[in-house]
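Chemist: Residue numbers (the working numbering), protein chains in the order written: chain A, 1 to 329; chain B, 1 to 339; chain C, 1 to 366.
Derived by calculation from the structure, the hints in this document are not laboratory data. Heads up, a few of these hints could be off.
Claimed, not checked - Listed next, the stretches of chain B that the computed footprint assigns to chain A, with coverage defined by at least 3 CB atoms under 8 Å from CB atoms of chain A:
# : region
1 : 5-11
2 : 46-59
3 : 105-113
4 : 121-130
5 : 152-161
Please read these numbers as outputs of a predicted model, since none were measured by experiment. Just so you know, even glycine gets a beta-carbon here, dropped at the ideal spot from N, CA and C.
Each chain is listed here by its residues.
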Amino acid sequence: MIAFVVRRFLLGLFTVWLISVASFTIIQLPPGDFVDAYIAQLAASGSPVSATEADMLRKLYGLGQPMYVQYGKWISRVVTGDFGESMEWRRPVTEVIGDRIWLTLLLSFAALLITWGLALPIGIYSAVRQYSFGDYAFTLLGFVGIAVPNFLLALIIMYFSFKLFGANVGGLFSSEMTIQPWSWAKAWDLAKHLPLPAVILALAGTAQLIRIMRANLLDELRKPYVVTARAKGLSETRVILKYPVRAALNPFASNIAYLFPFLVSGSVIISIVLGLPTVGPLLVKALVAQDMFLAGTIVLLLGVMTVVGTFISDLVLMWVDPRIRHQMD
Amino acid sequence: MADPILSVRDLHTQFHGREGIVRAVDGVDFDVFEGRTLGVVGESGCGKSVTARSILGIVDRPGRVMGGQILLRPQGGGPPVDLATLPQAAMRRIRGPEIALVFQEPMASFSQHYTIGNQITEAILLHMGLGKRAARARAIELLDMVGVPQPDRRIDEYPFQLSGGLRQRVMIAMALACDPRVLIADEPTTALDVTTQAQILDLLRDLQQKRGLAIILITHDMGVIAEMAHDVAVMYLGRAVETGPVQDIFNRPRHPYTRALLRSIPTVMARPRTRLPTIEGSIPHPFDRPRGCAYHPRCSEKLGAVCETHEPPPIDTEHRQVRCFLHGGIPGAPPGTQP
Amino acid sequence: MAAPSDSERYAVATQWQLTWWRFRRHKLAMVSLVVVVLFYLLAVSADFLATSDPHETDARTSYIAPQPIHLFDDGAFRPYTYGLKGVRDVKTFKLIYTLDTSRKVYVEFFARGYRYSFLGIETDLHLLGLKDAGKGDGIHLLGTDLLGRDLWSRLMVATRVSLTIGLVGVSISLFLGVLLGGVSAIYGGWVDTVIQRGIEVVRSMPTIPLWLGLAAALPNDWSVTQIYFAITIIISLLAWTDLARVVRGKFLSLREEEFVMAAELAGAGQTRIIFHHMLPSFASHIIAAVSLALPAMIISETSLSFLGLGLRPPAISWGILLQDAQNIQTLALAPWLLFSAVPVILVILAFNFLGDGLRDAADPYG
């Protein structure tokens, strides 16, 4: 059991390292070094940089030295929480990102909960009542959920709510709350705005998970232990909920490891359509403006977030499946 | 002989699939008596297991019991109850306390997600009105009875931590949890090696003697039948083609199918390196069941056209029943005449 | 009698025939197959179906609503539509162009239009065109965008781009997936461990941010074709993992099968076993996996281009068309721009049904 946790943890660390390399690569990718870009930007805004200042900057970031030295300098600053300056905003990256990373996490997590909350009962229903009207209806709905990319869904919902109610459904806060400091009222405002984007984000994953749950449960329902449970005189509901559903939860739990990155990815896109104050719109803006420290940091943070999510889902899996727990005994 | 605990009369169970109807059980009759073992024998696909599930009312969809009676004589006398028409809620009180089931795959028959203690006490809590502590004590007692060593420790283990033989013992303990009067054992030893097989059969016989259990032992193994059964029902394509006491069936088999099954048992008496006789042909696909006597395409003693066109009726002679025109029942001929 | 001949037929049928027979029973999958084939035919003949040059801008035709074609004129089959007229807005004095219902313009079949090359043949033939069209007149079946470009024509060309980008992307993913999945299964041991962990790592990365980062780094001065291939490669780099898992799983389970054992005992070499015995028996699974991977590719491209980080104008793809429909103000003004979503949804739905049907047909028990 401990070996399992340790192995998963090490794999997670390795993934984080890979993501950090990818983030660093993204920072380095634009042609020219970024000090050039920085200088050009400063010059364009009317505050030219002298050659000595530029050299100081280059030295600070280790430019001109081999890549791995540059990576080392960057990563050693990153672990102390110094992610560099945003060129566009001319403020520390951490300051620019601010609450947005937490709102991203919140949105993804809410979508995860909705995905679970919908997929579990619907999956059970569809499997137990296979080929019923409800099963067909959910299957169809599931296909639509898979077929409509979530940004399109966001667009369509936005269009119709505008058309029918004249309301703009975007945002996570009411306009008067956006700049307020955190308070209970603001949290409540957030809670009111969160469900719609979360549901939109959750739909595709829910559709997939319903299909997985249904298929797994159908498999499990045919297994002999279900007959054993029935032969004990348990009620049908009890039989199904205690035994096959429990077994079908297993792949359900392991799937979350892939669901979470998927949701984080999706949140980037729908945030842009719905104008949500997550890191998504910031990332796209940063990439378009080649504000590379900001962009690299966001990619890194999102990556770390998904790795942590994956690790947690592994722990959940272990808790669900006694076989994994007892592997090392 | 006393009245049977359980009588199955003209049982029909069918599966209505998209491709057609499968008559898995197509008119089965037999009786089960207290303290005796009825061996139900036949090749795979003959409807043995579906019969067992029909009795418990747990046939998987799209299967359904379509006709016949399953009569259970209540404890302490009274008119028999027909399980085939009993509502689900009442049926659930039969499963466990009256009739219990032991399965062929001890691994797959347990859920891997709960301890064996959890899975045994569940039925006790449900049917016997005991508290948690008492139920656990009873579960330990049961494990001890079926010969599980260190039952107070084993009770908290998961099925995947036990060996195959031990698992089957636990399975039996679970089946006996609520003191059932009838135990259906569906191929209880098929998945086990020979020594473990013998131990499990010994255990079953022992429990039967101590508790007066009626056992329905379903198997394809004539050897197991010879060792365990008092009475035998030979099934072929959803029908009991021959029933009777075990000595009669083994010594004077009357149906050609029974004879063929008996010939195919390897014995130590046989000359070494001779070919074991096998039954010609294979079981027909359930969708195209042959007309007439279902066995006629493989029968070595076929009488002729009558076997291909007419179904042989059951012919009764003291304690025995056989469905074969060799023993009468040819339409048009006076009853009882031998061909 | 029908039954025995049927079972005889089944007994001698090849794996492919069996798969095909099982597939034919899936009505939805059959319909989807037809839809997919139609879409690819449409992609091939996109220019022929286009009614005007998809790149041609015209300020006069900005935001024209979908323009109906009337099929009958005076009781005879003579399809026509209306011409365009400029009306001066009384308040702003701006010229606003609307349909002139007093002026009928007749539709011509196999008309001459802009020049394009069809399978290497230079031509200017189009399915629909206008007879005696005035300046600014056009058949705008789905209306026009801000720059006055005909949405229908753009949609035709976009379909070609988006559908082929999926194909190219899947080919790359397939190559990587079969290669790595196969190597993983055949060599096993530490090679397998490394590849499997690699797959897990790739799968636990948030794909879209990474795509965005990589796509944003593409040089601005690249040509449309260069960007096209670069985007394809970026998308397929992260999408091969599913295929690799399918291939590995199938390889491993097949290796245990009797017929592979039999081939080994018969002295067949490893290459022969893999290509002659194993590949054919899971090719159908691969096809199914591919038809499920294709829609994911299409969605990826559409999403990237939608965000302005995939293909870039003047390239035309579904994502680029939808980019125009990104904000609510535009949508309120020109809701027909959202029509570009219809083929996206249709194709993805069809591919999913098709893939499902194929998977069931290839492996009725799995």
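Chemist: Output the numbers, in ascending order, of every earlier hint that fails for this structure.
Modeler: 1
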